[in-house]
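Here the protein sequences come in this chain order: V and Y. Numbering-wise, the first sequence is residues 1 to 173 according to my numbering. Numbering-wise, the second sequence is residues 1 to 737 according to my numbering.
No lab work stands behind these hints, which were simulated from the structure alone. Hints should not be assumed to be uniformly reliable.
[Unchecked claim] In silico lysine-lysine, DSSO-like type, Cα no more than 27 Å apart, as pairs:
1) Y:K521 to V:K172
2) Y:K496 to Y:K426
3) Y:K521 to V:K173
[Claimed, not checked] Now the stretches of chain Y that chain V is said to cover, found in silico as 3 or more residues with beta-carbon under 8 Å:
4) 190 to 204
5) 603 to 617
6) 714 to 722
[As the list claims (entries may be wrong)] Now the in silico label distances, taken between C-beta atoms and shown as ranges:
7) V:R144 to Y:Q236: 52 to 58 Å
8) V:G116 to Y:M210: 57 to 63 Å
9) Y:D395 to V:T103: 56 to 62 Å
The model shown is predicted, which means the values in this text are computed figures rather than measured ones. Quick reminder that beta carbons are idealized off the backbone N, C-alpha and C, glycines included.
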Amino acid sequence: MTNRTHPPFCPKDSSLKHFPLKSSFVKPSLFIRALACIGALVLSLSSLTASAQDMQYRARLSPMPTTPQTKSTITGAGEALATLSGTTLTLRGNFSGMSSAATMAHVHFGPPAQPGPVVAAFEIAAQTSGALNASIELNAEQLRALAANSLYVQIHSESNPAGELRGWLFPKK
Amino acid sequence: MSLLIKQLTGLTPLLLGQRPLLPGQKLLLLGKSPLRRLITATSLGVALVSCAPDSQTSATASVESPAVSAFSAQADAGADLFSAQCAVCHGANLEGTTLGPLLSGRPFMQRWGERTPSLLFANIKANMPPGGNESLEEADYLAITAHLLASNGVDSVAAALTATTDFTIADNASEVAAGRQRSAPPAPQGLTVTGNVDDFSPFVPVSDTMLEAPDAADWPMIRRTYDAHSYSPLDQITTDNVSNLSLEWVWNMHEGDSEPSPLVYKGIIYLINPGNVIQALDGRSGELIWEHWAGPANRQDMRNIAIYNDKIIQATTDARLVALDARTGQQLWETEVADSSKGFSNSSGPIVADGKVLLGLAGCARYIKEDCYISAHDANTGELLWRFNTIAKADEPGGDTWGELDDIFRAGGETWITGSYDPELKLTYWGTAQQKPWVPVSRHLTIHDEGLFTNSTVAVNTDDGSLDWHFQHVPAEALDLDEVFERVLIDRGDEKLVFSLGKYGILWKSDRVSGEFKGYKETVFQNAFTDIDAKTGHVTYREDIQNAKLNEWTSACPSSAGGKDWHSMSYHEPSGVLIAPLSQTCLENAAREVALVQGGGGLAASRKFFEMPGTDGMLGKIGAYNVDTMEEVWSHEQRASFHTGTLSTAGDLVFVGDLDRRFKALDVRTGEVVWQTRLGTSVQGHPVSFAIDGKQYIAVTSAVGGTSPRTVPDVIATEITYPRWGNALYVFSLPED
Numbered sequence: 001m002t003n004r005t006h007p008p009f010c011p012k013d014s015s016l017k018h019f020p021l022k023s024s025f026v027k028p029s030l031f032i033r034a035l036a037c038i039g040a041l042v043l044s045l046s047s048l049t050a051s052a053q054d055m056q057y058r059a060r061l062s063p064m065p066t067t068p069q070t071k072s073t074i075t076g077a078g079e080a081l082a083t084l085s086g087t088t089l090t091l092r093g094n095f096s097g098m099s100s101a102a103t104m105a106h107v108h109f110g111p112p113a114q115p116g117p118v119v120a121a122f123e124i125a126a127q128t129s130g131a132l133n134a135s136i137e138l139n140a141e142q143l144r145a146l147a148a149n150s151l152y153v154q155i156h157s158e159s160n161p162a163g164e165l166r167g168w169l170f171p172k173k
Numbered sequence: 001m002s003l004l005i006k007q008l009t010g011l012t013p014l015l016l017g018q019r020p021l022l023p024g025q026k027l028l029l030l031g032k033s034p035l036r037r038l039i040t041a042t043s044l045g046v047a048l049v050s051c052a053p054d055s056q057t058s059a060t061a062s063v064e065s066p067a068v069s070a071f072s073a074q075a076d077a078g079a080d081l082f083s084a085q086c087a088v089c090h091g092a093n094l095e096g097t098t099l100g101p102l103l104s105g106r107p108f109m110q111r112w113g114e115r116t117p118s119l120l121f122a123n124i125k126a127n128m129p130p131g132g133n134e135s136l137e138e139a140d141y142l143a144i145t146a147h148l149l150a151s152n153g154v155d156s157v158a159a160a161l162t163a164t165t166d167f168t169i170a171d172n173a174s175e176v177a178a179g180r181q182r183s184a185p186p187a188p189q190g191l192t193v194t195g196n197v198d199d200f201s202p203f204v205p206v207s208d209t210m211l212e213a214p215d216a217a218d219w220p221m222i223r224r225t226y227d228a229h230s231y232s233p234l235d236q237i238t239t240d241n242v243s244n245l246s247l248e249w250v251w252n253m254h255e256g257d258s259e260p261s262p263l264v265y266k267g268i269i270y271l272i273n274p275g276n277v278i279q280a281l282d283g284r285s286g287e288l289i290w291e292h293w294a295g296p297a298n299r300q301d302m303r304n305i306a307i308y309n310d311k312i313i314q315a316t317t318d319a320r321l322v323a324l325d326a327r328t329g330q331q332l333w334e335t336e337v338a339d340s341s342k343g344f345s346n347s348s349g350p351i352v353a354d355g356k357v358l359l360g361l362a363g364c365a366r367y368i369k370e371d372c373y374i375s376a377h378d379a380n381t382g383e384l385l386w387r388f389n390t391i392a393k394a395d396e397p398g399g400d401t402w403g404e405l406d407d408i409f410r411a412g413g414e415t416w417i418t419g420s421y422d423p424e425l426k427l428t429y430w431g432t433a434q435q436k437p438w439v440p441v442s443r444h445l446t447i448h449d450e451g452l453f454t455n456s457t458v459a460v461n462t463d464d465g466s467l468d469w470h471f472q473h474v475p476a477e478a479l480d481l482d483e484v485f486e487r488v489l490i491d492r493g494d495e496k497l498v499f500s501l502g503k504y505g506i507l508w509k510s511d512r513v514s515g516e517f518k519g520y521k522e523t524v525f526q527n528a529f530t531d532i533d534a535k536t537g538h539v540t541y542r543e544d545i546q547n548a549k550l551n552e553w554t555s556a557c558p559s560s561a562g563g564k565d566w567h568s569m570s571y572h573e574p575s576g577v578l579i580a581p582l583s584q585t586c587l588e589n590a591a592r593e594v595a596l597v598q599g600g601g602g603l604a605a606s607r608k609f610f611e612m613p614g615t616d617g618m619l620g621k622i623g624a625y626n627v628d629t630m631e632e633v634w635s636h637e638q639r640a641s642f643h644t645g646t647l648s649t650a651g652d653l654v655f656v657g658d659l660d661r662r663f664k665a666l667d668v669r670t671g672e673v674v675w676q677t678r679l680g681t682s683v684q685g686h687p688v689s690f691a692i693d694g695k696q697y698i699a700v701t702s703a704v705g706g707t708s709p710r711t712v713p714d715v716i717a718t719e720i721t722y723p724r725w726g727n728a729l730y731v732f733s734l735p736e737d
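Just chain V, same shape as in the assembly:
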């Protein structure tokens, strides 16, 4: 199998110090960072037993459109797992192998394969590999978009400010 993404949450090539706590300006202690990672794992396990109303989504993150000239500068892979509980979309996941450090991450609105505007921004570690961790409130229109496979996750990087990885959210199989 050629999908070389790492297991979600605490990917093997991302050390704990890269864990993208929202308060990334304050360096958390190793203990707190470990707790955070364990917490994420617990969250992920709990998502497996999420209530019947919760919907699970998944996006495979892959390089933005490339050409023979840009295929070595737009790189990487990843996975975003999303749980919709009520109107709250919880995103977890990982990315790796980007050409340069991540700068920001967004959820966008757009039907499959049609780029569109930003719905929400979330913080991401300034690394070429790392984790995704966000919680986003969706309005009615955005909820309809999610149901129509019309939300996607996009990660930008230093050398690809227009975006390096992206993936549309589809119901998890």
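For this one, chain V is given, so just place chain Y on it according to the hints.
Leaving out everything else, chain Y in the frame of chain V:
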């Protein structure tokens, strides 16, 4: 500021002096230059494939250099730009790669020698690089043009090129400079290995009756039968014993772009190689019987050849038709199909139907008087019998579907995939490619200018070449997604049907007597059309595609690699399913400006590629479709794209090969992979099955090269690696007890 200006300001005389004029170099050649005469006098067949290093940059430093010309400085800047922007596809020394053609030596001069720098510049600017690069300015394109000219022996020019420089290129290339590119020995021509098929298996001339109902042991034409089923009635190899399938022998082929479909007749394999080379091999032992080079000896691709009576009939990449003695490979006759100096070419060969050689044509994107056609030739002499033009001129039926465009600027409609034939109806069915350039705004047309008879199924009468009916699948095509591929003829009860599957991934069904639309099925995700009329098959493009402006990016699925491409599908009659090799990628497309200038034209779009959303990165798909209900019966998806046609057999197997070197057998009823092996490089071509003395064989080629179906997976599935050489024919069978 353009890159050129940046670079020029940093240049020193010493740096500029790295491209000195050579001793004995002529300054200006008037009239017929030696090079020009050489081009004219030498047979096209003695083409030179220049892979030599750029000798200009290795000229000795001791040569005294006069003042460096503006042209030379421009060419130097262009060399750096070429290295950064173009070399990845065309090679650092313009030698070409599997991603882009060579740009030096005789092939370059044949195409551009009699034309002007202005036209070359416009062509590059409108079409290159394929992914677009907004940072390249006019001065940069001029510099790249100067580099190409300098590298091809243009050394008597002093002034820097401008967008309107209009000298004849060959007139300004010296023999000395040209000579530097001619170090390779001339390629062979004619028979290089002599032998006689009769010494291996008594040859029996191939009759019309034999082609209409081939012996189960034979594969006597592309897709085996006139109805293009790509189905073998042989049933020795089955789902139960296929796990024992073993290699009998392997034969290395000539290198170059290769997508071949071998012929097999009475145990002899007739194999088209890159560079217009045909070999006859003993199917049992893999022994070479004869080899013939029809020229030009390039690295270009030809998908198939034909056999009829005692002849092997081949189309060449420079649009000639050649007949060889099937027993000995001796050439019997030759005729020109179209003028290759005007860009015409062939990448697929003929079928012989109704006693006539039926052949398509490619390379029809230029703004010239001549357009594309399907032609019929006498199988015994090569004499032209009729032509069917795929582009309607202003005063012809369908001529009002091209807006106000002058006939010269109506381009496209290539028939680059071999058609099929119904002997009862005496109709031959072909797909046509889309209009050129690729986007309506580039061709100075709108989404309402349908452009007959492009992107259509045409049913042509084999008696006289008249059009019996047509169905245009995608009028005013806007994304480089053509509907040109094989037409599969299927009878269900009283219904006589024709099926096709184009780059949009839509399986189309029509009545092949009347042309009436009968149904469709989307086999992969597509978002180009917001509506497909269930009654008429009429498609409606998404609004932003309809109104795409110049240099505006439009995102759509599938990509130009095609939901389906040239790899033909197979019809498994026992289960009533079509099994299609499919591909799941998407593209962003931006139209470029093309001036309406005679001799211009081209494709004119920038493109980028990405994974198809919702497929989990699975580029390759094999889908099986019930031809009655049009429902998907099963599918098999995988990361690696598929690069062969599908072969189905009476043993309930489907054979197919992929980019990741795997050759697989699937159960035709379930899609389960029941056998696989790994070959030397990517598996590409068309698997066939044949029998000798009651023993069934499966043959397939490994191969490299090709256009979008190769380049798109190469940029998306970058982790899949394989040797960039290794064209070969592999033959498998069951071990004897």
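Consistency of the hints with the structure:
1. Y:K521 to V:K172: Answer holds: Y:K521 to V:K172 is near 25 Å, not above 27 Å.
2. Y:K496 to Y:K426: holds (13 Å)
3. Y:K521 to V:K173: Given pair Y:K521, V:K173 holds - Cα atoms ~24 Å apart, limit 27 Å.
4. 190 to 204: With 0 residues close enough to chain V, the hint is violated.
5. 603 to 617: Satisfied; 10 residues make the cut.
6. 714 to 722: holds (count 7)
7. V:R144 to Y:Q236: 52 to 58 Å: holds (57 Å)
8. V:G116 to Y:M210: 57 to 63 Å: At 59 Å between Cβs, range holds.
9. Y:D395 to V:T103: 56 to 62 Å: holds (60 Å)
Hint 4 from the list above is the single one not met by this structure.
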